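Protein sequences appear in the order of chains S and G. Under the working numbering, the first residue of the first sequence is numbered 2, with each subsequent residue one higher. Under the working numbering, the first residue of the second sequence is numbered 2, with each subsequent residue one higher.
Be a bit skeptical, because a hint or two may be false.
Because identical chains cannot be distinguished in the list, a pair is counted as satisfied if it fits within a single copy or across any two copies.
Only pairs whose alpha carbons sit at most 20 Å apart, straight line, appear in this in silico SDA-like list of lysine to any residue [claimed, not checked]: (1) K389 x G152; (2) K252 x V321; (3) K389 x N370; (4) K21 x L51; (5) K327 x S278; (6) K19 x K53; (7) K53 x A15; (8) K327 x I276; (9) K143 x R128; (10) K33 x H91; (11) K19 x L54; (12) K143 x P119.
Just so you know, the hints here were simulated from the structure itself, not pulled from any lab data. A quick note: this is a predicted structure, and the numbers were derived from the prediction, not measured.
There are 2 protein chains.
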Amino acid sequence: MAIVVQKYGGSSVADAEKIKNVARRAIAAQEKGKQVVVVVSAMGKTTDNLIKLAQQVTDEPDEREMDFLLSTGEIVSCSLLAMALKAMGHQAISLSGAQAGIKTDAVHSRARILGIEPRRITKELDRSKIVIVAGFQGVTDKMDITTLGRGGSDTTAVALAIALGAEICEIYTDVDGVYTADPRLVPEARWLKEIGYEEMLEMASLGSKVMHSRAVELGELYKMPILVASSFSNNPGTLIHGGASMEAGNKVRGIAHDLNVAKVTIVGVPDKPGIASKIFDSLAKASISVDTIVQNASINKVTDLTFTVAKTDLNKAMRVIEPVVKAVKASECVSDTKLAKVSIVGAGMQSASGYAARMFKALSEEGINIELITTSEIKITCIIDESKVTDAIRALHKAFELEKGV
Amino acid sequence: MAIVVQKYGGSSVADAEKIKNVARRAIAAQEKGKQVVVVVSAMGKTTDNLIKLAQQVTDEPDEREMDFLLSTGEIVSCSLLAMALKAMGHQAISLSGAQAGIKTDAVHSRARILGIEPRRITKELDRSKIVIVAGFQGVTDKMDITTLGRGGSDTTAVALAIALGAEICEIYTDVDGVYTADPRLVPEARWLKEIGYEEMLEMASLGSKVMHSRAVELGELYKMPILVASSFSNNPGTLIHGGASMEAGNKVRGIAHDLNVAKVTIVGVPDKPGIASKIFDSLAKASISVDTIVQNASINKVTDLTFTVAKTDLNKAMRVIEPVVKAVKASECVSDTKLAKVSIVGAGMQSASGYAARMFKALSEEGINIELITTSEIKITCIIDESKVTDAIRALHKAFELEKGV
């Protein structure tokens, strides 16, 4: 019998009524002849409230204990969902990450799944039960509880789908799927029926509201089809898969944007080998992700080095860099937080010319200045003034005619 | 190195400040050269709130899922306590019932401990850690989470003390120990330095506010000394043990009372063999504890049968009895809920005569009518009118000179 893994986020299980709604959706899937595994996040603001509680006890909660504390949030929602299903007359059982056989490394607060031993799940499925699994958590070989970090429940769902040989992993959330741009900013944004894994990854900043990139990467690696849809409607959602049908037509699939951008410029860096590596090494050691990097042409053996980090990482980044700036005898380090990223995303853009030029033209016609540019195989990103981001998205959406279907 | 097991109830860990207070107490015990295991209940009203949440989902929550849900309450408090200890610079680790090796049967909501495999605890103790264990919970051989029912955390603490060969099990709560009577009703009630297991069990209705009888029974079985004390003061508390020092002096140790009493009288029961057993069988099958039983002398082969149950069980008891009353052709069944139990408790009372007579005289001098009488080896209980309970306790406290020390 085909297995379906469904995942419901915190807003989909925020109260008793919503939990009953999820129960009805799981039953509907079972009644279509599927074996159903449901992965749930913690209810609504539960995780935030637990974090607040820990902060009342100490400013720097121990990570092992924090994982143990946070893991209770998903236990609450999964046991309530199992109760709802049983009260509706259906067989169900809830399992913690440990009981579900989700084995991780011991890196607390951001553990990686090492493997899944799904015997308990398959046994319960074979007894016609709907199996509810607590998302976001796992267990080490010493039986300590871990959490998977951001997007953890999505990762649990995709990993379980792979381990169980499911036919699909369905991610239910509070949006209808993936759009060509954020529909709140661009009213004419068009719903996408399907999207490739890579494109979905590049839409991450847009997609992060939909689904975490880590789970998409895992899906891509094992070619697991992922459906992103709303738990509050019966709209069909967006299928993320690796099929070839997306190659045709418009190469630009959507416009992504990100307001969590800060720019750091180190002024007057001596142009000697090894200096950039010193700077980025120290940032990497502090677990700060650096995005765009631009180095100006060297004048008199002195250059400016500019890069972007998440705005939320800026203070930490400045602290880390300060001693390095002194050590390498750069003149100063300045930052700018009033910035945003806007990207056009589409597989095969690189192989067709002219996309970058069309992007820059569209922005320039809106009077938008481009601070930095960066490109990947399937994405062109411009860093612009934060206040212009909505104008930029609308202009690009229009320039690439995204309101029209393929 | 000697091991001490400390247990802190819900009111002792009700907020972040109280959790820090518990952390300081555990550290103080460690600094006295002990290996310290701390068992905690859920914070304040957590368990009640989880039950409310379940009731929003369904009127009759599945017991397995309810256990899983409720087990999160103790995980929250024990992980927070471990964080507090680590933030204070001490080594600590929190463990769920499952991680602590507390194995139970699969009778959800009232599981019995089958055994404890304390390897993980002893390993962590040997690493100089303070080990925090979630009370009230265990795990079946199938890795399902169970809860131990009422008084569960006390039972966890005493069972762990026994399994670890601890020198003492300390139960910290919001009262200063055991008194000769409820100090809120009898201002001259005297604190007891020590009490025997059996006496403590008979003081259960008084003691239930202090400690659950099930844990006392376990302590008695394995001769584990139990100290009951306040977590909010440094008062010495009451030591529950099996020593002989209590045999001397006043045989009455204290006055217990219980307002949770309902009387049921089945009128006109045919006086034939097997009828009483039918009635009490049906109550036992419904898990209703029957306390005092009195059968009037038979007149014309018809008798009245009276017994008491907890007031909270009355409706259920009446439902269960109704068909039996019809089946045995008794004439009717009536109940009375305006009753209370008052008991004098003391080991060795039976072997010294005159206690019952003194009790009845003291009550009669206060004009208190005795509805029913029942005795055990170390207790004499009278069922009286609910409105007279304070008068009765004060009169008995005075009659047996309990305000005077031994």
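Task: Hint check against the structure, violated hint numbers in rising order - done: The structure conflicts with hints 1 and 2, although it agrees with all the remaining ones.
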